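Converting from the sequence shown to my numbering requires adding 255 to each position, the first position being numbered 1.
Honestly, the hints are just simulated from the structure, not real lab data.
Just so you know, these numbers come straight off a predicted model, no measurement behind them.
By construction, the Cβ of each residue, glycine as well, lies at the ideal position given by its N, Cα and C atoms.
One or more hints might be untrue.
[What the hints assert, rightly or not] Pairwise CB distance ranges (calculated):
| hint | residue 1 | residue 2 | range |
| --- | --- | --- | --- |
| 1 | 276 | 440 | 21 to 27 Å |
| 2 | 457 | 391 | 37 to 43 Å |
| 3 | 363 | 308 | 40 to 46 Å |
| 4 | 401 | 467 | 26 to 32 Å |
| 5 | 409 | 459 | 19 to 25 Å |
| 6 | 279 | 383 | 29 to 35 Å |
| 7 | 375 | 407 | 35 to 41 Å |
| 8 | 336 | 440 | 17 to 23 Å |
| 9 | 458 | 341 | 31 to 37 Å |
| 10 | 409 | 289 | 19 to 25 Å |
| 11 | 267 | 437 | 44 to 50 Å |
| 12 | 328 | 276 | 51 to 57 Å |
| 13 | 280 | 458 | 44 to 50 Å |
| 14 | 289 | 396 | 32 to 38 Å |
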Amino acid sequence: MTTFISIQNTYQILELGLFDNSTLIDKRYTKNQQASKEFISLLYDLLKHNKTSLQELSCMVVNQGPGPFSTLRVVISSVNGISFATNIPLIGIDGLDAFIMQYSDTAYPYTIVLLNAFNFDVYFALQQPGKPLTKGYKKIDQLLHELATLIPDQSIRFLGNGTKLYQDKIETQFNEQAYIPFPLPHNCSIEQIAHMGLQKWKKQEGITNQLLPLHLKQHPRQQQ
């Protein structure tokens, strides 16, 4: 039996879930703005309510980003501190990989996930047939122009909260070539983060005692 905590931080909420193998036992959540103040108390309440101690946890699985930096920093620093104090292993999950994997569908071979990176930037993950996943961040106008050149005549499925934010630009650039599902998934689920973490744990891959945020934007001076 693998008992572990899965942590998902979206653009609105922080979620902590207690899992027994692939089964979600219970979870707690709070608004992002309260993450710094409530992270430890949420974890304590979740474990206490389910009569589980920190020592009984096999690991903690964490969405490493991308996402709002302030929440991501709180989550990463908190789990690193817990791991340092208790030696509980950590497993980090790339949120873009998780999003693409959760919504993978052969009916939509060309799929792009867009997440808000603020200031007209987006984090993106582009899935294409027979090619490795392309990930990064760019200005939305630049990305859409390059995407139209790269995929001139195929239907493209758009997912993520960046799709909602820039839906008008997407529809103007691609017209009927763009497929935006309804309801539109804004982020991957805590269950998907847990699933990928459990697979890594079973294979004993990616286990560490210190995580770093993924897909951080560079300061403009760093890009020069």
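Okay, the hints, checked on the actual structure:
1. 276 x 440: 21 to 27 Å: holds, 25 Å
2. 457 x 391: 37 to 43 Å: violated, 30 Å
3. 363 x 308: 40 to 46 Å: Since residue 363 and residue 308 have Cβ atoms about 44 Å apart, the given range 40 to 46 Å holds.
4. 401 x 467: 26 to 32 Å: Hint holds: Cβ distance 28 Å, inside 26 to 32 Å.
5. 409 x 459: 19 to 25 Å: violated, 39 Å
6. 279 x 383: 29 to 35 Å: holds, 32 Å
7. 375 x 407: 35 to 41 Å: violated, 24 Å
8. 336 x 440: 17 to 23 Å: violated, 32 Å
9. 458 x 341: 31 to 37 Å: Since the Cβ atoms of residue 458 and residue 341 sit about 23 Å apart, the hinted range of 31 to 37 Å is violated.
10. 409 x 289: 19 to 25 Å: Violated, at about 43 Å.
11. 267 x 437: 44 to 50 Å: Distance hint for residue 267, residue 437 is violated at roughly 19 Å.
12. 328 x 276: 51 to 57 Å: violated, 30 Å
13. 280 x 458: 44 to 50 Å: violated, 23 Å
14. 289 x 396: 32 to 38 Å: With Cβ atoms ~34 Å apart, the hint holds.
Hint check: violations occur at hints 2, 5, 7, 8, 9, 10, 11, 12, 13; the rest are consistent with the structure.
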